[in-house]
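Novice: Next come the chains, spelled out residue by residue.
Protein chains: 2
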Amino acid sequence: MKAVGVIVEYNPFHNGHAFHVQAARETSNADIVIAVMSGNFLQRGEPALVSKWYRTKMALSGGVDLVFELPYQFATQNAEFFADGAISILDAVHCESFCFGSESGDISSFLKTIDFLEEHQEIFDENVRRHIKSGVSYPKALSLSFQDFTDTEGLLNLTKPNNILGFQYIKSIKKVNSKIKPLTIARKNANYHDEHFASETIASATSIRKALFSTDDRTFTIDQYVPEPTTELLKEYYNHYRGFHQWENYWSYLQFRLIQCTPEELRNIYEVEEGIENRLKAAALTAGSFQEFMEKIKTKRYTWTRLQRICVHILTNAVKEEMSKPEGANYLRLLGMTQKGKTYLNKVKSELKLPLVSKLSSYKQKEIMLDIKAAQIYSFGIPLDLRNEFIQQEYKQIPIIVK
Amino acid sequence: MKAVGVIVEYNPFHNGHAFHVQAARETSNADIVIAVMSGNFLQRGEPALVSKWYRTKMALSGGVDLVFELPYQFATQNAEFFADGAISILDAVHCESFCFGSESGDISSFLKTIDFLEEHQEIFDENVRRHIKSGVSYPKALSLSFQDFTDTEGLLNLTKPNNILGFQYIKSIKKVNSKIKPLTIARKNANYHDEHFASETIASATSIRKALFSTDDRTFTIDQYVPEPTTELLKEYYNHYRGFHQWENYWSYLQFRLIQCTPEELRNIYEVEEGIENRLKAAALTAGSFQEFMEKIKTKRYTWTRLQRICVHILTNAVKEEMSKPEGANYLRLLGMTQKGKTYLNKVKSELKLPLVSKLSSYKQKEIMLDIKAAQIYSFGIPLDLRNEFIQQEYKQIPIIVK
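So the sequence lines, in the order shown, correspond to chains A and B. So the first sequence is numbered by the numbering used here: it starts at 245 and just counts up by one. So the second sequence is numbered by the numbering used here: it starts at 245 and just counts up by one.
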């Protein structure tokens, strides 16, 4: 049995994702598709719309056979760490290949760009430092430094977020000398952050979330852009938990913690540096919403995404010590599987490169505690009367099995 | 001009308090009455029904001429520290006497008891240790040890909470060699913690709070037990902030913090000792309300009050270092005054033993930061849309002046 990997967030799972899963299977000629999926908090520093369990159900209905959780330690990180974590998991479960979406659908441009940048590493790094000194954020500096090379033919456009992720995936594969074969398919006509629906059936997750939050009567006009199970699961979640998760639900807790903590405690939080703790504490005293807070703390040097990730770390109390320099995952947290996925897992079980976690109670490694805490903190986005059932679910839920 | 001091919480100000203020003035033959009042969190480890500013207004309408805040560092402590803080403030503003309510109204029994216990200190301390070893709480051990002496004629009954406070006040006076003359008046027929109305016009604050929280339609049937300004101010507060403060309002924040913090951080909080941090963290995962949480963590060794105070310290993040062993207040935070109070203050201004704080912006000592933080955290007991105005009030509010 051959497996192809995908690295995803599914917030929520839509037709573009379904297309990607199908194309990954076809391009790779694999028997099963394995997804590494962010948990309840995402790479952009946001709570997911619905829990990882609901998103796992969507994935399994959409053609994925096995879903593993990308640990918090990687999921709420910049593209480089995010990629390292995800690739380490796909490698540990013996994926033969993995497939990501890109603008061009041409893997050679990724390989060529990596080789080119390795050759010109010194100049590139020098340029990055120069741009950072001018006061821009790190991603912006990377992008500007890359633009210095744009005359070279066949190079990737690394100013596009999706290309950056793909680029980092392949770098991660090289870093750990993995045998996984990288594949890419051209994304269907929806740009990564498009807020408007771009085609008849494909829309970005961003635009779908926007539609979900902007309609007051929740008539779910997103039907044409998502598979039916997504619509059903979103409806079920919304009705049961009386809403979706969004940053504003957590604002009171973030504000509370920012006011009660000392600057020293705040400095101990991952990515809180350069005196930003005072800025955060001061803004918390006057901001009336998360949006307002973000606008107050935004500077040229920090991207919105990075600031949101810092806020997630403050919520989960993720300190520097437990987050710094992770090289790769050290467990496989199974969230769900199809029968075919189960068969595959049984076959490779003895050769897995990392311990498999399907029940939390039987696993004691300390790194997973951060995932558990993140899931418990995520519960504060739902009403008080439903919260404790939700908090306890993290320990009780066994992997979801379909078909 | 002569001043008499009173030590109060006014949660809320009722007819018994009005009687006490008047009796204090008469018994002492003083021109003005100075109150030292707990801020937003009280000695029993509870948020006050309404803010210290509203309670100051009640006090000024009820015959008090000057209101100073008892700093958080003393207000949320056991009777001994509470008394030390309050007496240090009355001493600093040159009260000639101070007057407290007691069961007997007989000051000689207090003086006699203190002398007696000093003479028998060693035996008493030995008894206290013995009782603590048997597994009871510290207040219970004190009470039991005291009972060993009950054959001695004319001694106080130190098992009554009000007598314990009076006893500690006088001990504090002796400790700092203050010239303040202690006076006591007999309490009107309402026991300290009575939950039922005991007379036609006098009821305990506990029973009044109970009535306020138990009526759904808020018809304020407490009218006969409180002066009119109290009724008006409670109504105004309730209508503006859509409710009163109570522990349940803060439960989500306490639960959030208990889940996100590490056991090490929790151990750093004042009064968190003997491994209770693990008990607190475990209970937070399954309790659905503050009441339920308290019932889960209650043990024979910890009184309900002490546990509630621990919870307040967790909310305000008050660590051992900033709370431990305070000897006396080091500032006078003025909350409000009448014209007569203002005249008195102008007369004694140059002789005050501690710096007077009437505007926060002009005061930099670090101890007051805890009062400010407590006031900000208290804001989380009101709805989100009104919170920020409330948070900022602490810096903007100048002392209230009436008449």
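Any given hint could be a false lead.
The list treats identical chains as one, so a pair stands whether inside a single copy or across any two.
[Said to hold, decoys possible] In silico lysine-lysine, PhoX-like type, Cα no more than 25 angstroms apart, as pairs:
hint, residue 1, residue 2
1, K610, K525
2, K647, K525
3, K246, K384
4, K603, K525
5, K610, K384
6, K525, K564
7, K246, K584
8, K640, K525
9, K540, K640
10, K584, K377
11, K419, K603
12, K454, K542
13, K640, K617
14, K540, K617
15, K597, K423
16, K425, K542
17, K603, K454
18, K415, K610
19, K356, K597
20, K591, K617
By construction, these hints were calculated from the structure, which means they are not laboratory data. Since we're looking at a predicted model, the values are computed, not measured.
Novice: Now look at each hint and say whether the structure bears it out.
Specialist: Structure-based check of all given hints:
no., hint, result
1, K610 - K525, "between (30 angstroms within a copy, 17 angstroms between copies)"
2, K647 - K525, "neither (50 angstroms within a copy, 39 angstroms between copies)"
3, K246 - K384, "neither (39 angstroms within a copy, 70 angstroms between copies)"
4, K603 - K525, "between (39 angstroms within a copy, 21 angstroms between copies)"
5, K610 - K384, "neither (35 angstroms within a copy, 41 angstroms between copies)"
6, K525 - K564, "both (19 angstroms within a copy, 22 angstroms between copies)"
7, K246 - K584, "within (11 angstroms within a copy, 89 angstroms between copies)"
8, K640 - K525, "between (37 angstroms within a copy, 18 angstroms between copies)"
9, K540 - K640, "between (40 angstroms within a copy, 21 angstroms between copies)"
10, K584 - K377, "neither (52 angstroms within a copy, 62 angstroms between copies)"
11, K419 - K603, "neither (31 angstroms within a copy, 60 angstroms between copies)"
12, K454 - K542, "within (22 angstroms within a copy, 47 angstroms between copies)"
13, K640 - K617, "within (14 angstroms within a copy, 38 angstroms between copies)"
14, K540 - K617, "between (28 angstroms within a copy, 21 angstroms between copies)"
15, K597 - K423, "within (13 angstroms within a copy, 77 angstroms between copies)"
16, K425 - K542, "neither (39 angstroms within a copy, 58 angstroms between copies)"
17, K603 - K454, "neither (35 angstroms within a copy, 46 angstroms between copies)"
18, K415 - K610, "neither (28 angstroms within a copy, 50 angstroms between copies)"
19, K356 - K597, "neither (30 angstroms within a copy, 77 angstroms between copies)"
20, K591 - K617, "neither (32 angstroms within a copy, 58 angstroms between copies)"
Violated hints, in rising order: 2, 3, 5, 10, 11, 16, 17, 18, 19, 20; the structure is consistent with all others.
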